[in-house]
Structures are given as C-alpha cells and as structure tokens.
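*Asks:* What follows is the residue order along each chain.
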Amino acid sequence: MKIVASLRKIAERIARTSSFRITLLAVLSAMVVGAFIIILSDIDKLQNGDIIGAIRTVGSAYWALVVGSFGSLRAISATINSATPLILCGLSVAVAFKAGLFNIGATGQMLAGGMAALWVGFAMDGPGYVQVPLAVLAGALGGAAYGAIPGILKARTGAHEVITTIMLNNMAGFMVLWLLKTNLYQRADRTDPISKLVTAPGHLPRLFGFLDNRPDLIAHAGFVVAILAVIVYWWFLNRSTTGFEFRAFGMNADAAQYAGMHTKRLTVMAMMFAGAFAGLAGSAEVLGTYGYASQNFAGNIGFDAIAIALLGRSSPVGTLFAALLFGALQAGGRQMQANTDVPIDLIVVLRALIVMFIAAPLLIKAIWRVKVAPSSTGQTFRGWGS
Amino acid sequence: MSTVDPVVLPLVSAEQRKQARSVGFTLVVLGIVAAFVLGNRPGDAGFKLVDSYIFVIPAQPFARMLAVVLIALGAAQLLKGFGKWTNVVLSIAAATFVVSFLAWAASGGSFSLTGMLQDTVTRSVPIILGAIAGILCERSGIINIAIEGQLLGSAFAGAVAGSLLGPWVGIIAAIAMGVGLSAILAVFSIRYRVDQVIVGFAINFFALGLTSFLAARVLTDHPDYNILAPFRPIALPLLSDIPVIGVVLFTQTLFVYFAYVAVAVATWSLYHTKWGLRTRAIGEYPKAAGTLGVDVIKLRYRNVLIAGAVAGVGGAWWPIGMVGRFDQNITNGRGFIALAAVIFGRWHPVGALSAALVFGLAEAMQLKMSNLDTGIPSEFLLMAPYLVTLVVVAGFVGRSRGPKAAGQAYDAQ
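Chains as they are written, first to last, in this note's numbering: chain A, 147 to 532; chain B, 24 to 436.
This is chain B alone, in the form it adopts within the complex (with noise of 0.2 Å):
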C-alpha cells in the first residue's frame, strides 16, 4: 500500500483545548467542595413538591455520591473530554449540585421546593425582559447599558398610571416610559453619535434621580398614586394540572406568560426571519448591509424602541405584577443583572434566560436561607449565587464575543 495513513487534524483551537481543560478543573473543584462542605452534615433533607407529597433525600450520602461522581467526570473531562456533549454533561452537573447545596442548607428539616422554583420563575421576570431589551439593541449595534434606568422608569410610570387609572393602563404608561427612554438612547447614539455608554449611564442617572425625586416630592404627600391591586396568578388550565411543573410553570401572573413569549418570539425572529438576519448583520458588520439595501439606521431605530416596550413591561413587574406599588430605587441593580444575563448567555435569548433563572434562583434563596440554620454566616449563602456567577463566567463562559459593531455610530455613506 503506498497510500499514507490520512493524519488527523485536530479541530480545536489552543483556546477551545484550554476552556476545556477549565471545564474539567472546574468539575473537579465542585466535587472536592460536594465532598467536604456539602458532605458534613448528616440528616436527610424534605422536599415539600405537592401539599401531600415530601421528597425525602439524605443528604450526605447524596453529597458524597454526587463528589464521586463529579470529580470522575471531571477527571474524563480532562483525560479525554466530552466533546459536544460538554454542555449536557455540565447542565445536569450544575443542577445535581444545586440540589445537594439545597439538600445540605435543609438537612433536618424540610422547605417547599415547588414554592421556591414558582418564585424563582418570577423573580426572573425582569431580569429575562431587561436581558431580551438588551439583546435586541446589542444585536443591532447599539450598547444598552440603560436597561437598569429603562425598568426603573417605567416601573414609576406603571405604579403611578396604575393607581390612578388601572394595571392596563399602568402597563401601557410603563411601555411608553421604557420607549421614551429608548428613544432618548436612539436619538443620542444614532443621530448625533454619542458614545453609547455615556448615554446609557446617563439614562440610568436620569430615570433614577427623576423616579426618586418625584416619589419624595410627590408620591409622599398623595399616597393615593402610589397603591394598587398587583395581577394575581393565573392557572392556565391543563398545564397547571401537570404535578410540580404546573405550579411552577403555569400557575404564574401574566407577567410570566409574557416573559415566554418574549424569550420565544426573540429567538424566532432573530434567527427565523428576514427582521432577524438583517438586525444581525446591521450589528456585526453594518456597512454590508448598508450596502445591500438595509437601511440601517431606520432598523436600529426600530428595534432600539421595541427593546425599550420590552423594559417597560419588564418594569411594569414591580408595581402591577409583584408589590403593587413603587419604592425610590426599587430595581436596586436588576438592570445590571440583565446586563449580566446578555454577556452570559452570549446575546442569545435563550442563553439569556437561563442566566436570568440562575438569578432569579439566587434571589429566591435569599428569601429561604434566611429560614433555614445551616451553622454558616448567612451571608456566605447569600454570596454564593455571584460567587457560581463568578467561577461559571471564567471557567465555562469565558471569552465571550458580542456584536462586533455594537457601540459604533453608523455613517450612511
């Protein structure tokens, strides 16, 4: 045979090799924690997943299990790697050990879990609508470092309009605050070319030095626009039937609902339509398309002010699908988060929604852990959410590329 053996080419980069090989470490590192921390309390852990039903799990047995396990994927992580499969095999290694760490904080006694996902999806809700708001500006090339100003804004109009006038109309106010807001973005980055991230800021500041004058100089003295009756939960029928799932999922306020529509009809249109091609191409490499025929600046306009109706509902949660009124700094970072979110899950909305869930779950442990005596300064438990945000971003995420023109003014000729 004179034919030589075909060599194989790898078909990783350096870079790809080492996320890899963090990928493994990081595995491993989870598992020493599993085995050492999540390991020393013994007990079992209650589930509570319906009003009669309590998923008893032992937690140390499951946490040494779950160490064993994991340092073993780790080590095939690093010795051969999973290839495609990677993501799968970290998706179910995160969610086993959340559910040790949960199994750990409540050994010896028992919370509702089904309790604690339904308010995870909600707490979400703001994060997943500012996160879709921001991907819907950076997609076309536009920063959007104002989603925090954007929900804060329009959680002031939706608590104010909704007082006086009812929750429809507060959310229709909430809307058009958030597209005003985006408008003065557009205007400023578009039209007269200012740096998108001094805008951004400057709406932040704007929205919160303006809600939390007028809540002191106004909302104060007339109580009365500043209270409302918050949108209850909704059973959508059948699918609330479905055990746990339906409680979490589907038993939720419209806020909620809309929040899946949002997630789904974004990656739809962006990856499915002629909008979507279009508001990609004009976010990487606006000149092509200008020269195709896209008239770039029309369309960055138009979805800088969708991304901004998309605030105002996620804004609007506050007052009319959570507290039922409006407090001076009430988004206290959540737009920051959402920023998070976009970087985090790579200015996909999908991507973005899983990130929002982790937050949302952090922001639900909160309110437990506070219940629950686990022999740890609570305030480690409550790091621990940005600490796994932490360790995720430099060992999974890393180097995450955004739309290359995002921040660039666009020139016509």
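Just chain A, with the same shape it has in the complex (with noise of 0.2 Å):
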C-alpha cells in the first residue's frame, strides 16, 4: 500500500510539473495542427466535398501512428532502433550546447566514426565479445578524431564552428563515396558504393535475440549503449570537475576564463566529446541496424539531432525523452505511411511544431488558457562573437 501510495505521490508531482505539461499541450497542438495539415492537402476528396472522408483520415492516420510506435512488441523494438541513434546523436549535439559550442557535424562525426567501426566489423572474425567492443570504440574514436578538427581550428585560430562543421559534413560525404569504391572497403563483387558486410560476430547482438523465431524485432544492443551514454554524460556534466568546468564555460566564457580554466582545452574536448557521442551513433547503425555501409547510412539524424538536443535543453533526461518521442515518431510514421495515403514526411512537420511550442510556453499558455511557469531557455550556444 505504501509503494502505491508513494508511486501516486511521484506521479501527481510529474503531472504537476510544468514542463511534463507544456509537453503534453505542445505535443497536443501539433497534433492539431497536423490535422489540419493533412485535411487540407487532401484536395481530391475536398474537390469532391468528402469532407468526412478527409477527417477519418486523420483519425486513420493518428491511430497507424500509436500503433506503430507502441502498439506492439514489434512497434516497441521499432521505437528503440529508431530512437537509438537519435539519442546518440542527440549527446554529441547537447555535449557542445552545454560548451556553449554549435555542434552543426554529427553528420560528418557519425560519418568517419561509422566508417572506423566497419573496418573492425569486417575485418575481425570474432570472437564476438572482443570484436564488437573493439568495433563501438572504434566507432567512438574515428567520431572524436573528426570532431577535434573544429575544436582545434576553433582553439587555435578562433575559426567559427558553424561553418566548419558544415565543411566538414560535405567533406564527409565525399570521403565516405570515396572509401566505399576502395578495394578496402568495396563488396567483392560490386561495382556501385557499397561495403562489405559485417561478419556474423561482429554484429551488435538483438535486443530481443532471447525470443525464438522473431528476426522483425530489429532493435540491438546499440540501444543499451546509448542509455550507457546518457548516464556517463549525467555523470560527467554533474559530478565531474571537467563537466562543471563544460557549464561554466558554456555560460560565461569569460568568467570561466578568468576563474583559470583552460578554454582552449575545453573546446577541444567539447568537440571531441561530441564526436565521440556522434562516431557511436554511427557505429550503432553500422554495426547494429545495416551490418553494412552505403553512401547515405547517416541520412538527416544529424540534423534532428539538433532539434533533440534542443527539446531535451542538452540535458541528459531531456535528451533522452526528446529522442525516444523522435524515434517513436519515426517508426510510427512508417506504419502510417503504409495504412493510409499520408506520408511520412508528415512527422518532421509534427516534430518542428513540437518543438516550436515547447519553446514557447507563452505561446501555449496563450492557446490552451492554462497556467505555466514561464522558464527561461536562455541561450543555446554562444552566438556569433568570441
């Protein structure tokens, strides 16, 4: 009775806490307008005056996308393996955030960091539990080589981390077209850009490899590497001297400067961090979710990932919840792709609206006629100067 009680107390005082709330509304009203999005586009029923049939649409539409994000054992691992490098993603783009450094390149770290973990992957032949660890770390250090690059630059000759990331991403990609087309890296018998493929031990086991006759269940340990790296980055930015030293300079650049500590130093390990956190995403795919790379293996996560780290406030929860809402979006947004004539690009509209209202709580407040405790986001990164 006492847990009972207890569990009541935890959940009233979540549902009492604004930022669950405004979560709720945001996620609420870009349902809404979503709605009215796909009503609207439907113009060959609208011509025909099927309203209604345009509304059950919706109804359609939104129940694909529950259902293909929780509905089953099988949306559930689909939610994991969507949200997995996402969170991963995610930590690199907040990791710089909390530096107050711009981390645009967790396409281009996840790039070489992926690329780093394939070479181990097909390289090796097993044994299992020394190679897929070795093939993560590789993974991890191939991201944090590639993301020093704009630490140093910025260290040493103060050179924007904004446009040299994105430098870096496009050189990325012509780096991996290039590699994919080596005898080191090319399939055997393939003349197009794509890998060989991981050796059997070298894959990142199944989350669900205990339940027999179930290869739909795509999600993998990739996944318990991410929560690892949630926790490891909680620990660092809070118990760490070195993750105190991070929030200084992220918000006061001067005053962490003037209090003694290295900002150069810290730059570069922002960066590095961040790579690193970008190299496992890469990794995860690689290793966990193709067992190969093609040219494109790093799609647009980098991009979200910085929508993620903005929704969770680069905290490590935050980002973690973000995510798994992002990646919840994704797999759902297959189903309903594939249940109704919605397509799936309808998600990136919900998760931009998302996170439009969550960072306008006023906005929200305005709408719903609710009350909200006005927090501050205050600012993301350190903007242009300095």
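Accuracy of the hints is not assured; some may be wrong.
Quick list of simulated restraints, FRET-style, between CB atoms [to be verified]:
#1 B:Pro260 x A:Lys410: 39 to 47 Å
#2 A:Phe390 x B:Arg44: 33 to 41 Å
#3 A:Arg515 x B:Lys297: 36 to 44 Å
#4 A:Gly355 x B:Ile250: 44 to 52 Å
#5 A:Leu280 x B:Asp244: 46 to 54 Å
#6 B:His295 x A:Arg393: 42 to 50 Å
#7 B:Ser401 x A:Arg515: 56 to 64 Å
No lab work stands behind these hints: they were computed from the structure.
Just so you know, these numbers come straight off a predicted model, no measurement behind them.
From the three backbone atoms N, C-alpha and C, an ideal C-beta is built for every residue, glycine too.
Combine both chains into one complex, guided by the hints.
*Replies:* Structure follows, in structure tokens:
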C-alpha cells in the first residue's frame, strides 16, 4: 500500500510539473495543426465535397502512428531502433551546447565513426565479445578524431564551428563515397559504392534475441550503448570537474577564462566528446541496423539531433526522452505511410511544431488558457562572438 | 639634442600578428601544393573564352612559376608583412591558384572557362540572396538559422503558384512565403522571446516537412501543379557585348540582376542611410539605440520581414530561374552554405557576395570535373572547395565577430 501511495505521489508530482504539462500540450497542439494539414492537403476528397472522408483519414493516420510506435512488441522494437542513433547524436549536439558550441557536424562525425567501426566489423571475425566492443570503440574514436578538427580550429584560429562543421560534413560525405569505392571497403562483386558485410560475430546483438523466431524485432544492443552514454553524460556533467568546467564555460566564457580554466582545451574536448557520441551513433547504425554501409547511412540524423538537443534543453534525461519521442514518431510514421495515403514527411512537420510549441511556453499558455511557470530557455550557444 | 627619439609602437595586437603569420604559412603551403601537385601534369590546358578563341596555358610551367611566386609572397609576409595590402595580395594569389588548379585539371584538353564562370554566377544567386537575408536579420540582432527553410518554402510556393498562374505570380507567392516564414521567426523571437536558434531550426524542419509532405501527397498526383517554363537569360544591351565579361555577368536571368541590385542596395543602405545606422545600432547595442528613441521592436520586425522577402526571391530561383519544377529538399543545404557565407563575409553584403561566388564556383566545378580526367578520384576534387573554405576560414578570416546583440531578446523597458 505504501508503495502504491508513493507511486501515486510521484505521478501527481510529474503531472503538476509544468514541463511535463507543456510537453503534453505541445504534442497535442502539434497533432491538431497536423490534422489540419492532413485535411487541407487531401484536395481530391475536398474537391468532391467528401469532408467526412478527409477527417476520417486523420483518425486512421494518427491511429497508425500510435500502433506503429507502441502498439506491439514489434512496434516498440522499431521505436527503440529509430531512437538509438537519435539519442547518441542528440547527446553529441547537447554536450557541445553545454560548452557553448554549436555542433552542426554530427552527420560528418557519425560518418567518420561509422566507417571506423565498419572496418573493425568486417576485418575481424570474432570472437564477438572482443570484436564488438573493439568496433564500437573504433567508432567512438573515429568520431572523436573528426570532431576534434573543428575544436582545434576554433581553439587555435577562432574559426567558427558553424562554418567548419558544415564544411566537414560535406567533406565526410565525399570521403565516404571514395572509401566505399576502394578495395579496402567495397564489397567484392559490386561496382556501386557499397561496403563489405560486417562478419556475423561483429554484429551488435539483438535486444530481443532471446525470443525465438522473431527476426522482425530489429532493436539491437546499440540502445544499451545509448543508455550507458546518457548515464555517462549525466555523471560527467554533474559529478566531474571537467563537466563543471564545461557548464561554466558554456554559460560565460570570459568568467571561465578569468577563473583560470583552460578554455582552449575545453573547446577541443567538448568537440571531441561530441564527435565520440556521434561516432557511437554511426557504429550503432553500421554494426546493428544495417550490417554494412552505403553512401548515405547517416541520413538526416545529425540534423534531427539538433532539434532533439534543443527540445531536451541539452539535459541528459531531456535529450533521452526527446529522442525516444522522435524515434516513436519515426516508427509510427512508417506504419502511417503503409496504412494510409499520408506520407511519412508529416512527422517532420510534427517534430518542428513540437519543438516550436515547447520553446514558446507563452504561446501554449495563450492557446490553452492554462497557467505555466515562465521558464527561461536561456541562450543555446555563445552566438557569433568570441 | 636632448629630445629622445620617438619610440614607434607597433600598432598591431598579438592576435593580428598571429593572423598575419598564419596568412604567410598558408601562402607557403599553397605554394608547395602548386609545386608538387599542380606541377606534376605536363600538357597544355585550353580555356575556351569566346567561340573562336582558345586561351592556352601550359599547365606545368604555370604551376611551377606560381609555386615560386606563392612561396616568395609567403616568405615576404612572414618576414615583413604586407600590412594593408595583405587582402589584395591574398586575392590575387587565390585567383591565380584557382587558374592553375583549373589548368592542371584540364591539361591535355580544353573546356569552356566562360561557360563555367557564367554557371558560377548563376548558381551563386540563392546563396547570395540567402546571405543577404541572413545579414539583414543578424545586423538587427536576430540570428537567422532559418535561411534554409525560407529558401525551401519559397521554392515550393514559387513552383506551385508559378505553374498554375505564371512565373510572376510564382515570384510573388515565393516572396509571400519567405515573408510568412520570417514572420514566424520574428513573432517567436521578438514577441515570445524564444531562443532564436530553436525557432530557426524549427522553421527549417517545418519547411522541409511541409514541402516534402505536400510534394508527396499533392504534387505526385497532380504533375500539372509542378511544371513551368523558367526565365530565359536576358542579354543586357551594350554590356553583354563586352567579351567574356558580357557573357559571364550580363547574359543572365533576371534573378542574377536582382542579386546584383540587392547586394548594392543592402551595402549602400546599411552604411549610408539613417535606416542602416539604426539597424546596425540595434544589432550591436539595442539598449542605447532604444534610449535614443529608436523603436527597436518595430525595426527588428521590419528588417526580419524584408529579409524574408529577399530569401523568397532566392527560393524562387530554383523553380522559376533554373529547373522549372520543385523536388523534395531541392535546396539541399544551400541555406546553410549561405549562413557560412554570412560569417565568412563578416556580416558585410560584399563579403558575403564574394563568399557566395566561391561556393557557386564550387558547384559549377562539380559539374565540369566529372568530364575531366585528372587521375585523382573525383571525390577529392569535389571535396576541394570545402577544404579551401576550411583553410581560408581558419587561416585568414579567423576570429569573426558578429553583431553583439544577435540572439538576445530585447526588453522595451
């Protein structure tokens, strides 16, 4: 009884916290706007005067969104699978934000890390308990090395990380394309840019591998890596000296400098951590989801990650939940596209609306006529100066 | 004589000295590249300038000569420094280096240099206009990360309205879309005081999602909503008769001419009008400007909306100035390149124009490089412009400072 009571207390407290309520209302508002978009874009039905039919589409689309993300073990597995790289890349952007830096380069770092992990993945052939950790480590190191470049450039010359990371993204894309055509990486019997397969022991184990005959449960141990990364990030920020220095540096670079912190070293370290997280995301995709690499295995994840870090306010738990939400939308969106004629691109709109509504609590307050505590988001990164 | 010789104090800071040093090093490195990479291919390169005339450069001797000059310039910069002439020396060095690079790539063959330069100018239009939109916002203290979304949204609006109602209506629709997306940025960042980077990114996602969604749901079933005849190049009388330059600069579509005008007007008004002074003031120190009677909020709204209109024309370039249709994510990161051009050009329209032309050249070269056999994997050539930008930003531009108040919400009190 005592346990139930305390659980209820916790639930009540969560419900009363304004950030939870804002998130809920923001998701709701985004769904309402999304519904209008679905109805208004159904021009064939609207031209025939079939408004009821257009509204019905909204219902089945949103139902598919829910079923496809949480409706079954398979759906949950798909959500976890989509969320894994998003969590890791979200942390990548978040750790840079904490130090006042804007890492647009998660895509490039993910490509670099993924290619490093991939090499260990196909060059070795077991045993798995050596190869998998080694490949994942290679991914982190590859990403960290690529992330270090903008960090060093910023610390030594002051080149702004927004420019350098964008340039490094473009360069990484071409580098991967070239690598995938070299003898080292290209699959033996292929002429198109596609890599060798990761050997069987090199795959990240399936999360639901203990269930027999369920090859459709695609979630893999990359999710465990991601959760561990969240814990490490939390510990680092709140319990370590360097983490404290990161936050101080992010809040006020001049004060950190006067307090005797090595701000140049912090800049390089922040970008290396960011790169390492993104590199882990790359290795999770290559070793867990695909088992090989094609030209564009990073997709849009590096950019989605920026929205995730913004949504989660760069906090460990916030970033985790934001990534899970985005992953659920991704998995549900695939189901929605399969079940109805609503394209999956709708979820990009929903994500944008959620970010916007959560960022503007005043707007939520005005729409829903509720009381919310005014929360200052502060500035995400140091801007263009220094 | 009792007077002491006046001590000449160096008027440069440690940072400037460091930057001068890195300029020197970069010149030397470029020289070494010219000597060992560009100097390794014998053969003549033909640059077709006009129909009947091919300008021939012997690639190897030219590269070696350039290497000597670059290393000498670098040494001079390291030892003595060119002072205020540094930028001139740099521009000349960079331009000759590009010529040598092209000669190396084309050695043993020939290609139309004029055509490539014309293409460069054409393709830099959305980057120029996007960068101007960014400058207008940031000079008034609003960070505009949403350039990409504004370009993409207005490209979509331009394509659909242009297909249904003609290209001029398409441009108006594109401008309206740009202004609309800018209004979201303005209202959220000025009125609701949301972090400007968050709103900007949300707008990018919103525009990407909405245009992709509508393209997939509506345009695939209604191809007639997405086809129009793009503008043809217009040869300006007299000016277009100038050899080479006439083709490159003055035989272009209206979008290019609009971009020239936009750069000129933005530069002139930012530095020579009351509006410009006030705009720069509210971007640097809004409190002071507000105290002196400038309506900071109103001016910020106005400038962000104007920026949206400029970005709208930039977005309309894809359907109406170039390809005649809309495709999912047709802008493909050009808005971020424009953002890089803003920083690269140090928040000055002319600086952004130069940066945009460099990126335009990169795109034009990507098309040409696939036809040339250089013996180096084409991926590395395609990577080169971004690497050059990286080197230039690290070596020459260095610590760039934007408007001081950019990113901060303003309290009227």
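*Asks:* Confirm or reject each hint.
*Replies:* Status of each hint after checking the structure:
1. B:Pro260 x A:Lys410: 39 to 47 Å: 57 Å, violated
2. A:Phe390 x B:Arg44: 33 to 41 Å: 35 Å, holds
3. A:Arg515 x B:Lys297: 36 to 44 Å: Because 43 Å falls inside the window, the suggested range holds.
4. A:Gly355 x B:Ile250: 44 to 52 Å: 51 Å, holds
5. A:Leu280 x B:Asp244: 46 to 54 Å: The hinted range 46 to 54 Å holds for A:Leu280 and B:Asp244, with Cβ atoms some 50 Å apart.
6. B:His295 x A:Arg393: 42 to 50 Å: 44 Å, holds
7. B:Ser401 x A:Arg515: 56 to 64 Å: Between B:Ser401 and A:Arg515, where Cβ atoms are some 60 Å apart, the hint holds.
Hint 1 from the list above is the single one not met by this structure.
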